[in-house]
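**Student:** Residue strings, one per chain:
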Amino acid sequence: MSTLVTAVAIGMAFGWALERAGLGDARKLAGQFYGTDFTVLKVMFSAIVTAMLGAYWLGRLGVLELSRVYVPETWLLPQLAGGLLFGAGFVVAGLCPGTSCVAAATGKGDGALAMLGMFAGVLVTGLAFGVLQPFYESTTRGPLTLPQLLGVPYGVVVCGVVAMALLAFTVAERLEARS
Amino acid sequence: MIRRTLAIVAAAAGVLAAVSGSPYRAERATVDVAHLAKAVAAEEDHVTALELAQWIRDRKAGLRIVDLRTAQSFAEYHLPRSERVPLEALLATPTRDADTLVLISDGGAHAAQAWVFLRALGHRRVYFLRGGIGEWLDDVMSPAQPSDLTRYFGGMPRADVDRGTTAAAIRRRGC
Numbered sequence: 001m002s003t004l005v006t007a008v009a010i011g012m013a014f015g016w017a018l019e020r021a022g023l024g025d026a027r028k029l030a031g032q033f034y035g036t037d038f039t040v041l042k043v044m045f046s047a048i049v050t051a052m053l054g055a056y057w058l059g060r061l062g063v064l065e066l067s068r069v070y071v072p073e074t075w076l077l078p079q080l081a082g083g084l085l086f087g088a089g090f091v092v093a094g095l096c097p098g099t100s101c102v103a104a105a106t107g108k109g110d111g112a113l114a115m116l117g118m119f120a121g122v123l124v125t126g127l128a129f130g131v132l133q134p135f136y137e138s139t140t141r142g143p144l145t146l147p148q149l150l151g152v153p154y155g156v157v158v159c160g161v162v163a164m165a166l167l168a169f170t171v172a173e174r175l176e177a178r179s
Numbered sequence: 001m002i003r004r005t006l007a008i009v010a011a012a013a014g015v016l017a018a019v020s021g022s023p024y025r026a027e028r029a030t031v032d033v034a035h036l037a038k039a040v041a042a043e044e045d046h047v048t049a050l051e052l053a054q055w056i057r058d059r060k061a062g063l064r065i066v067d068l069r070t071a072q073s074f075a076e077y078h079l080p081r082s083e084r085v086p087l088e089a090l091l092a093t094p095t096r097d098a099d100t101l102v103l104i105s106d107g108g109a110h111a112a113q114a115w116v117f118l119r120a121l122g123h124r125r126v127y128f129l130r131g132g133i134g135e136w137l138d139d140v141m142s143p144a145q146p147s148d149l150t151r152y153f154g155g156m157p158r159a160d161v162d163r164g165t166t167a168a169a170i171r172r173r174g175c
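So the sequences go chain by chain: A and B.
So for the first sequence, my numbering puts the first residue at 1; every next one is plus one.
So for the second sequence, my numbering puts the first residue at 1; every next one is plus one.
Hints were generated in silico from the structure; no laboratory data involved.
Just to be clear, a hint being listed does not mean it is correct.
As the list claims (entries may be wrong) - List time: in silico SDA-like cross-link candidates among lysine to any residue, alpha-carbon distance up to 25 angstroms: (1) A:42 / B:86; (2) A:28 / B:3; (3) A:42 / B:18; (4) A:28 / B:7; (5) A:42 / B:60; (6) B:60 / B:18; (7) A:28 / B:2; (8) A:28 / A:179; (9) A:42 / B:2; (10) A:42 / B:8; (11) A:42 / B:63; (12) A:42 / B:11; (13) A:42 / B:9; (14) A:42 / B:6; (15) A:28 / B:6; (16) A:42 / B:13; (17) A:28 / B:4; (18) A:42 / B:3; (19) A:42 / B:15; (20) A:42 / B:36; (21) A:42 / B:1.
As the list claims (entries may be wrong) - Chain B side only, calculated, beta carbon under 8 angstroms to chain A, not exhaustive: (22) 10; (23) 15; (24) 18; (25) 29; (26) 127; (27) 131.
What you are looking at is a predicted structure, and each value in this text was computed from that prediction instead of being measured.
The beta carbon of each residue, even a glycine, is placed where N, CA and C say it ideally should be.
Start from the sequences and build out the full structure, keeping to the hints where you can.
**Tutor:** Quick look at the structure:
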């Protein structure tokens, strides 16, 4: 029960943060694909860097037992196909699942329609799961992490991702200023 | 100004991470060999089966009996209040400072190795059952001389036990 309460609280906080960042607006999100507004990149990359640095340093200082944190498994081809489908839906709707909920909650019709499409997709996938299952469970790679994949220490990967984020922020700001 | 400050903080935390080692506790354990040797010499590393039986009967606060044997061996017979934790999962098993861990394996070797791992990770109240599950069966469940503990755990004196008595048979008697 307390897990559900925590999940609802975190979900509401996440939705509030998305809305405050302006990500309930499809035009703002579509600006990412036209190269005119990089809010999505900046918000998401900021979240990744914050969570990554937090997890690393909490683990390093002994506050968080990192080996207890669940790492989702990798299924290479199904996730690649899912990523492409997700991206196509994102471009068409101008919203992703989280932001469609935020848009719907603020009374936007396109958000409600995107949510409806999302649930329809879940339903169709569930009904067709018997056919999809062999592909869904193919090319399994287990819980892969970048340090394992690249064969470099965890801290070096953290440093590299932070450098990438700072570079991406700088380039994004320049592109936004130009447009 | 705030964004610039945050960027500097993130960059500093990232650069420091590159030289600060692994965030996984189990990967950076250190062994104080002299301290461990002293504990072994003072026989503070293990408990006997009778001592453990006494702790269980007295409901010793914070006692956790960790059985490192296979799932099949555990299903066949295990000590009361024990929990099965595979050796490879032991290091990630959360414990409290107040816990007293007693490690059990078939003979004692695996439990002794696990004792070293846990002490290297900083656990202070860790012991292993000296002779493994066999010592428990011999000294508590079917000793030559019966004791209150033998009766408490549903065992019987060795003279009354068939030579072919198995762990499963002991379990059927209610332990």
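**Student:** Are the hints correct? Go through all of them and say.
**Tutor:** For each hint, the structure was consulted:
no., hint, result
1, A:42 / B:86, "violated, 43 angstroms"
2, A:28 / B:3, "holds, 21 angstroms"
3, A:42 / B:18, "holds, 23 angstroms"
4, A:28 / B:7, "holds, 24 angstroms"
5, A:42 / B:60, "violated, 54 angstroms"
6, B:60 / B:18, "violated, 45 angstroms"
7, A:28 / B:2, "holds, 23 angstroms"
8, A:28 / A:179, "holds, 14 angstroms"
9, A:42 / B:2, "holds, 15 angstroms"
10, A:42 / B:8, "holds, 16 angstroms"
11, A:42 / B:63, "violated, 50 angstroms"
12, A:42 / B:11, "holds, 16 angstroms"
13, A:42 / B:9, "holds, 16 angstroms"
14, A:42 / B:6, "holds, 13 angstroms"
15, A:28 / B:6, "holds, 24 angstroms"
16, A:42 / B:13, "holds, 19 angstroms"
17, A:28 / B:4, "holds, 24 angstroms"
18, A:42 / B:3, "holds, 11 angstroms"
19, A:42 / B:15, "holds, 20 angstroms"
20, A:42 / B:36, "violated, 51 angstroms"
21, A:42 / B:1, "holds, 16 angstroms"
22, 10, "holds, 5 angstroms"
23, 15, "holds, 6 angstroms"
24, 18, "holds, 4 angstroms"
25, 29, "violated, 12 angstroms"
26, 127, "violated, 22 angstroms"
27, 131, "violated, 31 angstroms"
Going through the hint list in order, the structure does not satisfy hints 1, 5, 6, 11, 20, 25, 26 and 27.
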